[in-house]
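Number of protein chains: 2
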Amino acid sequence: MNELLRYFQRELPGINGYLDAEAESLSGLVRDVARHIIGSGGKRIRPMLTLLHARALGYDRDDFHAIACALELLHSATLLHDDYLDEAEIRRGRAASHLVFGRTETILAGDALLALANEMGARYGNARLCWLLARGIMETAVGEIEEIQFSKHPTLDREAYMRIIIGKTARLIECACRCGAALAGATPEQEDAAGEYGLNLGIAFQLVDDALDYDSPASETGKPEGGDLREGKVTLPLILFMEDCEEVAGDTLLTLMRDSELTDEQCAEVLAQVQDAGSAGRTREEAAVYVERAKACLALLPPGEERTVLGQAADYVLTRTK
Amino acid sequence: MNELLRYFQRELPGINGYLDAEAESLSGLVRDVARHIIGSGGKRIRPMLTLLHARALGYDRDDFHAIACALELLHSATLLHDDYLDEAEIRRGRAASHLVFGRTETILAGDALLALANEMGARYGNARLCWLLARGIMETAVGEIEEIQFSKHPTLDREAYMRIIIGKTARLIECACRCGAALAGATPEQEDAAGEYGLNLGIAFQLVDDALDYDSPASETGKPEGGDLREGKVTLPLILFMEDCEEVAGDTLLTLMRDSELTDEQCAEVLAQVQDAGSAGRTREEAAVYVERAKACLALLPPGEERTVLGQAADYVLTRTK
Chain Y
1 MNELLRYFQR ELPGINGYLD AEAESLSGLV RDVARHIIGS GGKRIRPMLT
51 LLHARALGYD RDDFHAIACA LELLHSATLL HDDYLDEAEI RRGRAASHLV
101 FGRTETILAG DALLALANEM GARYGNARLC WLLARGIMET AVGEIEEIQF
151 SKHPTLDREA YMRIIIGKTA RLIECACRCG AALAGATPEQ EDAAGEYGLN
201 LGIAFQLVDD ALDYDSPASE TGKPEGGDLR EGKVTLPLIL FMEDCEEVAG
251 DTLLTLMRDS ELTDEQCAEV LAQVQDAGSA GRTREEAAVY VERAKACLAL
301 LPPGEERTVL GQAADYVLTR TK
Chain B
1 MNELLRYFQR ELPGINGYLD AEAESLSGLV RDVARHIIGS GGKRIRPMLT
51 LLHARALGYD RDDFHAIACA LELLHSATLL HDDYLDEAEI RRGRAASHLV
101 FGRTETILAG DALLALANEM GARYGNARLC WLLARGIMET AVGEIEEIQF
151 SKHPTLDREA YMRIIIGKTA RLIECACRCG AALAGATPEQ EDAAGEYGLN
201 LGIAFQLVDD ALDYDSPASE TGKPEGGDLR EGKVTLPLIL FMEDCEEVAG
251 DTLLTLMRDS ELTDEQCAEV LAQVQDAGSA GRTREEAAVY VERAKACLAL
301 LPPGEERTVL GQAADYVLTR TK
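Keeping their order, the protein sequence lines are chains Y and B. The first sequence lines up with residues 1 to 322 when you count with full-length UniProt numbering. The second sequence lines up with residues 1 to 322 when you count with full-length UniProt numbering.
For the record, the hints were derived by calculation from the structure and aren't laboratory data. Computed from a predicted model, the values in this text were never measured in an experiment. Honestly, I wouldn't trust all of these hints.
[Stated by the list, open to error] Here are a few chain Y residues that face chain B, going by a calculated C-beta distance under 7 Å:
# : residue
1 : LEU108
2 : ASN118
3 : ILE137
4 : MET138
5 : ALA141
6 : VAL142
7 : ILE145
[What the hints assert, rightly or not] Simulated DEER-style distance windows between Cβ atoms:
#  : chain 1 : residue 1 : chain 2 : residue 2 : range
8  : Y       : ARG258    : B       : LEU5      : 48 to 56 Å
9  : Y       : SER25     : B       : GLN9      : 39 to 47 Å
10 : B       : ARG258    : Y       : VAL289    : 57 to 65 Å
11 : Y       : ALA268    : B       : VAL100    : 37 to 45 Å
12 : B       : GLU261    : Y       : ILE90     : 29 to 37 Å
13 : Y       : ARG35     : B       : ARG258    : 23 to 31 Å
Where is the CB? At the ideal position from N, CA and C, for every residue including glycine.
Produce the entire structure from the sequences given, and follow the hints as far as they go.
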């Protein structure tokens with residue numbers, strides 16, 4: 001993983017500096033919200049993937065930051081609206097924005113970041129890039145809606161779960177990779193391979209995220225352990241666990257989750273059972289399949305530093321602890 | 001105004017049909033919200049301006065609906081978020097969406113309509129169109145933020161007022177006109193003239209809107225009379241009225257408005273005073289200046305039906321009663 005680490009260490013300051021400068025350019029009422037969500041860290045996976053694909057496909061100019069950072073801001077915008085609507089209290093170990101800055105500021109900051117991201121993507125005069133970004137925004141909005149709809153009527157349907165994680169996470173990561181390819185003027189085949197890598201990586205990323213929610217301590221992730229369960233979110237670890245349970249027990253649990261009637265004791269009990277059953281580990285095994293699919297897409301790229309780093313990034317998704 | 005009426009009667013069914021079909025394509029949770037806000041009427045000024053400018057500059061294809069309707073959906077998206085944040089109860093004579101469908105559905109519908117609008121604009125593979133739309137979205141978001149910021153610290157500053165109505169209304173109308181020109185492959189000079197027409201028309205439109213709030217009965221506008229005053233919004237009729245009052249009276253009123261402490265009786269009294277002083281009429285006189293500026297921009301267009309209609313549309317802004 002040395003190449004991956006070196007690459008991130010080299011490029012992250014530029015990406016963070018660009019993000020900070022864009023946040024600084026926003027209007028007073030929302031600037032602090034933007035600073036808060038951007039400054040709270042995050043792995044900058046989306047901008048890095050755009051950069052890596054652009055360079056892997058021969059792009060050698062230094063003006064990649066606007067489109068790369070657009071993807072990060074888009075992601076930040078959805079976090080702001082999601083956290084407000086979910087009434088989340090914590091984001092990346094810090095108080096959620098709506099609790100610090102208020103409802104109006106948070107909603108409008110989400111709108112402004114979305115608008116800014118879009119404008120940054122349009123700076124290149126590249127119609128393909130605009131189209132990809134527009135579609136990415138659309139798919140992310142739809143994914144967000146479907147996730148909330150699903151949480152109002154939770155089921156143990158794996159197909160529905162997959163559709164939701166693709167919509168809310170994987171499509172935007174696919175978009176980041178495609179944008180890198182489009183910036184480099186890639187062929188449709190090359191762009192599709194970049195997209196396929198991103199889609200599979202995104203699925204694996206979310207599967208691991210959902211596993212971490214069950215098996216990683218809050219001190220590591222910055223999120224409360226078992227948070228999904230408490231918030232009534234049905235994810236793969238729970239689905240795998242319930243598949244081995246009595247049907248009646250599953251229905252009862254779903255009803256309690258839907259009606260937000262799960263007590264702290266019941267939560268702790270289900271959490272312990274899911275952990276004992278090893279469902280988080282089985283979720284990681286599924287993620288590993290998608291990581292392999294992602295890596296297979298790299299064969300189309302010319303060998304070089306970026307291809308190596310993209311391979312290591314895929315492996316890192318499986319081993320990350322936060 | 002015969003040409004204007006005929007043009008609208010001929011083109012509105014196509015525009016409304018396209019809007020309905022796009023709303024129908026949205027995900028379940030937000031579809032009803034989109035139907036509600038789109039179906040509640042509205043003058044469709046933005047799509048008509050896009051169409052008129054495109055055709056005036058020689059565009060003869062029938063695929064203008066996506067970009068024209070994108071502007072309307074963008075406008076609808078901002079109404080949804082604005083009404084929720086303002087806690088507005090009425091929109092176009094109907095209950096505001098958040099009261100009918102709830103907070104989550106309304107915020108997400110706004111996000112989805114914004115995303116959809118953006119995607120519709122990207123369908124042409126025209127980078128200039130994408131850039132214009134992206135900038136229009138950005139300017140509208142900034143305008144929305146500045147308006148809310150201003151309402152938290154209201155002043156009788158005309159410059160601040162003008163900046164706000166340009167941001168929240170006129171820039172998007174400018175954008176609609178520029179998009180029509182860009183669709184037709186206009187020269188930069190032609191696009192600038194279209195933009196200048198739209199900017200001035202948009203300013204006039206908002207000035208008249210603010211006058212109507214003081215001098216048109218609720219039965220006509222579908223909004224409660226004196227609503228701006230009650231909501232603490234400082235607009236030109238009030239600024240003009242206060243310029244003739246004692247400074248102390250103005251400061252007291254502003255403080256009451258900012259703290260939402262204006263009683264119904266005080267509201268009714270100020271409303272009557274503003275009406276008696278003829279401030280709404282003086283606001284219309286200012287609007288007339290911008291209407292003339294807008295009409296002057298039409299000289300660059302070739303004579304024809306669209307140029308006539310654009311001239312009549314500018315005049316109509318002054319005479320409308322809702």
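Quick rundown of the hints versus the structure:
Of the supplied interface hints, the one on Y/LEU108 holds, with its beta-carbon coming within about 5 Å of a beta-carbon of chain B, less than 7 Å. The criterion of a C-beta within 7 Å of any C-beta in chain B is met by Y/ASN118, whose closest approach is roughly 5 Å, and the hint holds. Checking Y/ILE137 against chain B: minimum C-beta separation of about 5 Å stays under 7 Å; hint holds. Here the hint on Y/MET138 is kept, as its CB sits about 4 Å from the closest CB of chain B, short of 7 Å.
A least Cβ separation of about 4 Å between Y/ALA141 and chain B falls short of the 7 Å threshold, and the interface hint therefore holds. The criterion of a C-beta within 7 Å of any C-beta in chain B is met by Y/VAL142, whose closest approach is roughly 5 Å, and the hint holds. The restraint placing Y/ILE145 at the interface with chain B holds, with a minimum CB-CB distance near 5 Å, inside the 7 Å limit. The supplied range of 48 to 56 Å is met by Y/ARG258 and B/LEU5, whose beta-carbon atoms lie about 53 Å from each other.
A beta carbon spacing of about 45 Å between Y/SER25 and B/GLN9 agrees with the range 39 to 47 Å that was offered as a hint. With their beta carbons about 59 Å apart, B/ARG258 and Y/VAL289 fall inside the hinted range of 57 to 65 Å. For Y/ALA268 and B/VAL100, the Cβ-Cβ distance of about 39 Å falls inside the hinted range of 37 to 45 Å, so the restraint holds. In this structure the hint that B/GLU261 and Y/ILE90 lie 29 to 37 Å apart at CB holds, the actual value being about 36 Å.
A hinted range of 23 to 31 Å for the beta carbons of Y/ARG35 and B/ARG258 is consistent with their spacing of about 26 Å.
The earlier numbered hints are all upheld by this structure, with none contradicted.
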